Amino acid sequence: MHDLLLAPFGLGFMRRALAGCIALSVAAPPLGVFLVIRRMSLMSDVLQHGVLPGLAVGAAVAGLSVWAMGLGGVIAGLAVALLAGALARRTGAREDSQLAGVYLLALALGVVLVSAQRGIDLTHLLFGSVLAVDDTALFGMAGVATVTLLGLAVIWRPLILESLDPGFLAVTTGGGAIWHLGFMALVVLCVVAGFVALGTLMSVGLMMLPAIAARHWSNSVGGQARASVALALLASVIGLLVSYHLDVPAGPAIVLSAGGTWVLSLLAGPRESLLRSGEIG
Amino acid sequence: MIAPPPLRLEQVTLRHGGQVAVHDLSGSFEPGSLTALVGPNGAGKTTLLRALVGLHKLAAGHVDRGGLVPADIALLPQSSQLDRHFPITCADVVALGVAGRCGAFRPIATSVRTAAREALATVGLPDHADRPIAALSTGQFQRVLFARLILQDAPVLLLDEPFAAVDATTEDVLLGLIEAWHAEGRTIVTVLHDLDLVRAVFPDTLLLSGAPIAWGPTDRALSEANRRRAGLLRTRPVRLPRAAA
Numbered sequence: 001m002h003d004l005l006l007a008p009f010g011l012g013f014m015r016r017a018l019a020g021c022i023a024l025s026v027a028a029p030p031l032g033v034f035l036v037i038r039r040m041s042l043m044s045d046v047l048q049h050g051v052l053p054g055l056a057v058g059a060a061v062a063g064l065s066v067w068a069m070g071l072g073g074v075i076a077g078l079a080v081a082l083l084a085g086a087l088a089r090r091t092g093a094r095e096d097s098q099l100a101g102v103y104l105l106a107l108a109l110g111v112v113l114v115s116a117q118r119g120i121d122l123t124h125l126l127f128g129s130v131l132a133v134d135d136t137a138l139f140g141m142a143g144v145a146t147v148t149l150l151g152l153a154v155i156w157r158p159l160i161l162e163s164l165d166p167g168f169l170a171v172t173t174g175g176g177a178i179w180h181l182g183f184m185a186l187v188v189l190c191v192v193a194g195f196v197a198l199g200t201l202m203s204v205g206l207m208m209l210p211a212i213a214a215r216h217w218s219n220s221v222g223g224q225a226r227a228s229v230a231l232a233l234l235a236s237v238i239g240l241l242v243s244y245h246l247d248v249p250a251g252p253a254i255v256l257s258a259g260g261t262w263v264l265s266l267l268a269g270p271r272e273s274l275l276r277s278g279e280i281g
Numbered sequence: 282m283i284a285p286p287p288l289r290l291e292q293v294t295l296r297h298g299g300q301v302a303v304h305d306l307s308g309s310f311e312p313g314s315l316t317a318l319v320g321p322n323g324a325g326k327t328t329l330l331r332a333l334v335g336l337h338k339l340a341a342g343h344v345d346r347g348g349l350v351p352a353d354i355a356l357l358p359q360s361s362q363l364d365r366h367f368p369i370t371c372a373d374v375v376a377l378g379v380a381g382r383c384g385a386f387r388p389i390a391t392s393v394r395t396a397a398r399e400a401l402a403t404v405g406l407p408d409h410a411d412r413p414i415a416a417l418s419t420g421q422f423q424r425v426l427f428a429r430l431i432l433q434d435a436p437v438l439l440l441d442e443p444f445a446a447v448d449a450t451t452e453d454v455l456l457g458l459i460e461a462w463h464a465e466g467r468t469i470v471t472v473l474h475d476l477d478l479v480r481a482v483f484p485d486t487l488l489l490s491g492a493p494i495a496w497g498p499t500d501r502a503l504s505e506a507n508r509r510r511a512g513l514l515r516t517r518p519v520r521l522p523r524a525a526a
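As you go down the protein sequences, you meet chains A and V in turn. Under our numbering, think of the first position of the first sequence as 1, with each following residue one higher. Under our numbering, think of the first position of the second sequence as 282, with each following residue one higher.
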């Protein structure tokens, strides 16, 4: 039992990965809860693909440092978020088709840019590697988590109001777009922060899956945010252990664990789950 | 509540989706007036309400709000525009009515929470404070939005089809609230389609059909000639095409 659960975290790189994942688990899932209730879940897909070209350009310009690649990723993510939103508004087309177009392009462009450079392991970039979590990456994750939690606390009420009734917010307190942009910036930060440990394609999983599962645990936004954090922490620990023992990339292992919490919540969570509502059983 | 000033419109033209929705509207909503906003679908009624609170840009003309800021004007949108599946309780929705005054950051006082519960009781939902809005019927949800209007305590109220898809009992409760607000001297503009109700309750009527048709005392504004010009008279019975064999 000790060998299975505790011994792996005796290793330095596992401890750093765990600390980083705990930081992300506290910050990212509450953002995911807002993405879900704002019906913007697809936006997370767009961002995870959208940051990839930025990471590659960052690495090309300033070398393989976490800060350079992270900064490139944040800039690319913000650009993609703004572009997708603007396209949907300007053309009047359905937003989901615009988003799909943007993220397919971004992924292809990102893979081309990354492949053109030597020294970057595409698999690690896309799916993460716990071995790569150095002190710089860890400070990055902790810093982003701190900024995200503070930022979310500041925009909490307007964000709820803007999600529920945008017209009412615009009339009573004004400035709906500012809250939305601030929120999107936090989402981009969290997606980028996860790329070292979890990989760009997987870091969104830790944001979205616990958030989707959380609706089976609470019927308030605050309650769902707390539930999503708890589920993400659980998924992080289980995923890192699976990654260690089975020698698979950390990102997919953690996301599969998060998926497990979702399936269990969907089946037997206290609210609107299949068992409770009598759909099965 | 501060006393409402008149809301003056000067040659207001509004566009919606590239089309002129309201053309060259001038006049004023007097302090304490209770006006029905009547017209066929697509006549620009919703666009006009949104323009009055500053949510819709004027294509031409000028709106004089007499020193009121948009937060002093409460707009009740058509309820279909709200996300009814949002995970939030009735009491919280009602308490958000004070968001205009306490802003994004100041805490919501206990007195506000008490007021929210009282407002829910006033609209006939005393036991619903802690229930999620997803569990409400259309009529109950409309009552919750009226409770939020009570907390907003605005001198001017703009109500967009408040009785659409609600039952007769709910309509009675909400109409009672509108009459009580009218008695307090608030300025109220309500979009309605039920002309019998307009004649029974609303002293003034603005009849719109793209261009303004009439604005004044209800019985004159809703004369047969005006209703014909607005396209509100039924013309002929509809004959259905025969189903293909």
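Think of the hints as simulated: they come from the structure by calculation, not from any bench. This structure is a prediction, so every number in the text was calculated from the model and none was measured. A couple of the hints might just be wrong.
Claimed, not checked - Label pairs and their in silico Cβ distance ranges:
#1 V:Ala390 to A:Ala116: 42 to 50 angstroms
#2 V:Ala284 to A:Ala230: 46 to 54 angstroms
#3 V:Gln300 to A:Ser97: 22 to 30 angstroms
#4 A:Asp45 to V:Ala415: 44 to 52 angstroms
#5 V:Val350 to A:Ser41: 31 to 39 angstroms
#6 V:Val350 to A:Gly222: 24 to 32 angstroms
#7 V:Ser418 to A:Ser97: 41 to 49 angstroms
#8 A:Gly222 to V:Glu311: 39 to 47 angstroms
#9 A:Leu274 to V:Pro388: 37 to 45 angstroms
#10 A:Ser65 to V:Ala341: 50 to 58 angstroms
#11 V:Leu456 to A:Pro270: 54 to 62 angstroms
#12 A:Ser65 to V:Pro388: 52 to 60 angstroms
Unchecked claim - Computed from the model, here is a short list of chain V residues facing chain A with C-beta under 7 angstroms:
#13 Val350
#14 Pro351
#15 Leu356
#16 Pro358
#17 Asp364
#18 Ala380
#19 Pro413
#20 Leu417
#21 Trp496
Even for Gly, the Cβ is constructed at its ideal location relative to N, Cα and C.
Now for the hints, and whether the structure bears them out:
{"no.": "1", "hint": "V:Ala390 to A:Ala116: 42 to 50 angstroms", "verdict": "violated (59 angstroms)"}
{"no.": "2", "hint": "V:Ala284 to A:Ala230: 46 to 54 angstroms", "verdict": "holds (52 angstroms)"}
{"no.": "3", "hint": "V:Gln300 to A:Ser97: 22 to 30 angstroms", "verdict": "holds (25 angstroms)"}
{"no.": "4", "hint": "A:Asp45 to V:Ala415: 44 to 52 angstroms", "verdict": "violated (26 angstroms)"}
{"no.": "5", "hint": "V:Val350 to A:Ser41: 31 to 39 angstroms", "verdict": "holds (36 angstroms)"}
{"no.": "6", "hint": "V:Val350 to A:Gly222: 24 to 32 angstroms", "verdict": "holds (30 angstroms)"}
{"no.": "7", "hint": "V:Ser418 to A:Ser97: 41 to 49 angstroms", "verdict": "violated (34 angstroms)"}
{"no.": "8", "hint": "A:Gly222 to V:Glu311: 39 to 47 angstroms", "verdict": "holds (44 angstroms)"}
{"no.": "9", "hint": "A:Leu274 to V:Pro388: 37 to 45 angstroms", "verdict": "holds (39 angstroms)"}
{"no.": "10", "hint": "A:Ser65 to V:Ala341: 50 to 58 angstroms", "verdict": "holds (56 angstroms)"}
{"no.": "11", "hint": "V:Leu456 to A:Pro270: 54 to 62 angstroms", "verdict": "violated (40 angstroms)"}
{"no.": "12", "hint": "A:Ser65 to V:Pro388: 52 to 60 angstroms", "verdict": "violated (43 angstroms)"}
{"no.": "13", "hint": "Val350", "verdict": "violated (9 angstroms)"}
{"no.": "14", "hint": "Pro351", "verdict": "holds (5 angstroms)"}
{"no.": "15", "hint": "Leu356", "verdict": "holds (6 angstroms)"}
{"no.": "16", "hint": "Pro358", "verdict": "holds (5 angstroms)"}
{"no.": "17", "hint": "Asp364", "verdict": "holds (6 angstroms)"}
{"no.": "18", "hint": "Ala380", "verdict": "holds (5 angstroms)"}
{"no.": "19", "hint": "Pro413", "verdict": "holds (5 angstroms)"}
{"no.": "20", "hint": "Leu417", "verdict": "violated (13 angstroms)"}
{"no.": "21", "hint": "Trp496", "verdict": "violated (24 angstroms)"}
When each numbered hint is compared with the structure, violations occur for hints 1, 4, 7, 11, 12, 13, 20 and 21.
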